[in-house]
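**Student:** Protein sequences appear in the order of chains S and P.
All residue numbers for the first sequence refer to this note's numbering, where the first residue is 216 and numbers rise by one.
All residue numbers for the second sequence refer to this note's numbering, where the first residue is 216 and numbers rise by one.
Careful, some of the hints might be misleading.
Any copy, or any two copies together, can satisfy a pair, since identical chains are not distinguished.
Cross-link-like lysine to any residue pairs, in silico, SDA-like; alpha carbons within 20 Å at most [claimed, not checked]:
1) Lys262 <-> Pro362
2) Lys262 <-> Trp403
3) Lys355 <-> Ala397
4) Lys262 <-> Glu221
5) Lys262 <-> Glu384
6) Lys402 <-> Ser358
7) Lys402 <-> Pro362
8) Lys402 <-> Arg330
9) Lys355 <-> Arg330
10) Lys262 <-> Asp246
Worth flagging that the hints you see were computed from the coordinates, not collected in a lab.
2 protein chains.
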Amino acid sequence: MSNASEEIMLATHDALAEVGYADLSISTIADHFDGSQSLIYYHYEDKEELLVAFLEHLISGLEEELEEIDALDPSERIEAVIDLLLPVPPQEEPFRFHHALIEIRVQTPYHDPYRERFERLDERLSTLFEDAILEAREAKTFSDVDPQRAADRLLTDIYGLHYRNVPMENIERIRDSREWIAEQIQKWEETP
Amino acid sequence: MSNASEEIMLATHDALAEVGYADLSISTIADHFDGSQSLIYYHYEDKEELLVAFLEHLISGLEEELEEIDALDPSERIEAVIDLLLPVPPQEEPFRFHHALIEIRVQTPYHDPYRERFERLDERLSTLFEDAILEAREAKTFSDVDPQRAADRLLTDIYGLHYRNVPMENIERIRDSREWIAEQIQKWEETP
Chain S
216 MSNASEEIML ATHDALAEVG YADLSISTIA DHFDGSQSLI YYHYEDKEEL LVAFLEHLIS
276 GLEEELEEID ALDPSERIEA VIDLLLPVPP QEEPFRFHHA LIEIRVQTPY HDPYRERFER
336 LDERLSTLFE DAILEAREAK TFSDVDPQRA ADRLLTDIYG LHYRNVPMEN IERIRDSREW
396 IAEQIQKWEE TP
Chain P
216 MSNASEEIML ATHDALAEVG YADLSISTIA DHFDGSQSLI YYHYEDKEEL LVAFLEHLIS
276 GLEEELEEID ALDPSERIEA VIDLLLPVPP QEEPFRFHHA LIEIRVQTPY HDPYRERFER
336 LDERLSTLFE DAILEAREAK TFSDVDPQRA ADRLLTDIYG LHYRNVPMEN IERIRDSREW
396 IAEQIQKWEE TP
């Protein structure tokens, strides 16, 4: 990725956190960027094309982080992924960025290119959870839990926590729920 | 509610299911309505005021249905509420209406009046689940589960199922997950 592209991605992040998806435009992105609006148009035809590049950028960033935690044992790995996904913000900004992502995801019925990226992300995350649970089962550190189902439920929980609490800015409930996720993992660890 | 207001609410439902939240306008609502656009403006100042009335209308409709199932025993009551909330559509239309509701909910950071209605709805649903679980515990039909926490998690699951699957129109996954919710209730019923 060129320097200009990198800077446009950063500016997109900041603009999304500030104005949200609905009010995002090439012009609001340019306000967060040292170059000109026409430089953005030189790289991206329109807002959709730019946001697809932004989603790709986010997903590859996440994938790099996921590779780093790949060496952890299964329980720690699951918790590390949840740490990456759930916002526990000390300030308001990350909350608003997470909200902008929810807004983009909700646009998937109207934008196939967004949909493809979110499906790829979901697939990646659920495979990751499934593999971790399977590995722990084989090492006999987890009890006899169905990896596919448990992974599916874990991901649904994370989505529920996002969608229920991010728009309402309910930090407290996200913090509490981290506890029941940790308890769920502990339950899997209790081999009967 | 006057006849005209009732008809405007119906037209709002149909317009939301057809065009979604972002493209909803007094004019698209009027297209689904036998009266004139000015009759809508006579009742509601703008789209926000109309949508607040629509949310109120939905919530009171839901509350009436909730009263009807109040006589069921706790497990059946919980399952009946979930039936009311989760779309299991034979056709596409209800799915798109559910999606429009997600779009409105995501607007809560920008519209306090929407936020208040959704908070009231959440509160109502979580109290309902909590009461049902508490009642079943007292009648010793449920094992020793924490009612507040279990209710909270159930509601988060329902939100997760919505947000993860409705935009992707993944009917299959919603259907599957109804099974694990039923299993969860069965587990509560297994008194140790």
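**Student:** Which holds for Lys355 with Arg330 at a C-alpha limit of 20 Å: within a copy, between copies, both or neither?
**Tutor:** neither (37 Å within a copy, 46 Å between copies)
**Student:** Have a look at Lys262 and Glu221 and pick one of within, between, both or neither, based on CA distance no larger than 20 Å.
**Tutor:** within (16 Å within a copy, 39 Å between copies)
**Student:** Evaluate Lys402 and Pro362 at a C-alpha cut-off of 20 Å and name the case that applies: within, between, both or neither.
**Tutor:** both (14 Å within a copy, 19 Å between copies)
**Student:** As a check of your reading, is Lys262 near Glu384 (CA-CA no more than 20 Å) within one copy, between copies, both or neither?
**Tutor:** neither (27 Å within a copy, 24 Å between copies)
**Student:** Is it within, between, both or neither when you check Lys262 against Pro362 at 20 Å Cα-Cα?
**Tutor:** Neither: 39 Å inside a copy, 46 Å across copies.
**Student:** If the cutoff is 20 Å on CA atoms, where do Lys262 and Asp246 land: within, between, both or neither? Let me know, please.
**Tutor:** within (15 Å within a copy, 30 Å between copies)
**Student:** Can you tell me if Lys402 and Arg330 fall within 20 Å by alpha carbon in one copy, between copies, both or neither?
**Tutor:** Neither way: Lys402 and Arg330 sit 34 Å apart in one copy and 35 Å across, limit 20 Å.
**Student:** Is the C-alpha distance from Lys355 to Ala397 at most 20 Å within one copy, between copies, in both cases, or in neither?
**Tutor:** within (18 Å within a copy, 28 Å between copies)
**Student:** Which holds for Lys262 with Trp403 at a C-alpha limit of 20 Å: within a copy, between copies, both or neither?
**Tutor:** Answer is neither: 44 Å inside a copy and 49 Å across each miss the 20 Å cutoff.
**Student:** Go through the copies and call it for Lys402 and Ser358: within, between, both or neither, with a Cα cutoff of 20 Å.
**Tutor:** Classified as both; 8 Å inside a copy, 17 Å across copies.
The structure fails to meet hints 1, 2, 5, 8 and 9 from the earlier list, while all remaining hints are met.
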